[in-house]
Amino acid sequence: MSDAPRDRITSVDLQTNRPHSARVYDYIMGGKDNFAPDRETAAKVLADWPGLRTSMLANRACMHRMARHLTGLGVRQFVDIGTGIPSSPNLHQVVQESAPDARVVYVDNDLIVLLHARALLTGTPEGRIAYIQADMRTPEALLSDATLHEVIDFSQPVALTLIAMLQFVEDAQGVVESLLEPLAPGSHLAITIPTGELAPESERLAREYTERGIPMYLRGRAEVERLFSGLELLDPGIVPMPNWHPAPGERPLPDTATNMYAAVGRKP
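Heads up, the final residue of the sequence shown is numbered 275 in my numbering, and it's a clean run with no missing numbers.
Hints were generated in silico from the structure; no laboratory data involved. Among the hints, a few may not be true.
Said to hold, decoys possible - Derived lysine to aspartate or glutamate pairs resembling EDC-like cross-links, with alpha carbons at most 16 Å apart:
| # | residue 1 | residue 2 |
| --- | --- | --- |
| 1 | K274 | E218 |
| 2 | K51 | E239 |
| 3 | K51 | E184 |
| 4 | K274 | E184 |
| 5 | K51 | E208 |
Claimed, not checked - FRET-style restraints, in silico, Cβ to Cβ:
| # | residue 1 | residue 2 | range |
| --- | --- | --- | --- |
| 6 | F161 | T263 | 32 to 42 Å |
| 7 | P57 | F161 | 42 to 52 Å |
| 8 | G193 | A50 | 37 to 47 Å |
Backbone N, C-alpha and C fix where the C-beta goes; we use that ideal spot for every residue, glycine too.
My request is simple: use the sequences and hints to build the entire structure.
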């Protein structure tokens, strides 16, 4: 990924006077596409929880495992909500490694992600990759996007991935139900989601994000279960993120090393 020129970045309103979750994540993961409020927020949350970067790395590894697992089940269409600033390997690189004909649509609402969209649009000749600038809090607008329907065949199964995103919406249940409703039987929902039930630092982390203008909502296991209402949970169900199909020979991190649950469900 090449850095976007600064004059190009500042030619649009990136709301650089306040932090954005994708840019805070980018800074913690060692990226360069962030601004002072993002770095200040990251520094504070890292002070409260030095292990946050470990949790973020574990989350990305879990996304890779989910993508490979779904590809192995025959899924060839993916809609990734809240993709964030590009960081290789991206979801399309993971799935197209074994399924070159896979189609992936990335969705995010941060203009910096838009400026780097070209980095996402390099896939296999057999597959399709696209990027949509949209907000998951307005699912109707997202689902009506023309590009989405050009790339994704809604008569066939789709994998909807919401990786570390639902903590940023108050009505997570409503968002999930709206996004799942038009998807064909055989589609899947893949989620990683922060909770206050694992790492004790989670509550402080959520308060810090919220106080700095990024509302964060933690979910308990019972609420996560409701997100999968009407779906068939895949093995091993709703588990602490490192325990979702760890790589062969890999010793999972302790449950308290991350603050997230992970699960995948199938639409019957």
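Verification of the supplied hints:
1. For the proposed pair K274 and E218, the alpha carbon gap of about 37 Å is over 16 Å, so the pair is violated.
2. In summary, the hint linking K51 to E239 is not supported, as the alpha carbons are separated by about 39 Å, beyond the 16 Å threshold.
3. Note on K51 and E184: the hinted pairing is violated, with a Cα-Cα distance of about 34 Å set against a maximum of 16 Å.
4. Only pairs whose Cα atoms come within 16 Å are accepted, and K274 paired with E184 is accepted, the gap being roughly 11 Å.
5. Straight-line distance between C-alpha atoms of K51 and E208 comes to about 13 Å, which keeps the hinted pair within the 16 Å bound.
6. Restraint check, F161 to T263: a C-beta distance of roughly 40 Å satisfies the suggested window 32 to 42 Å.
7. At roughly 44 Å, the beta-carbon separation of P57 and F161 lies within the given 42 to 52 Å, and the hint holds.
8. About 44 Å separates the C-beta atoms of G193 and A50, a value consistent with the hinted range of 37 to 47 Å.
Of the hints listed earlier, those the structure fails to meet are numbers 1, 2, 3, in rising order.
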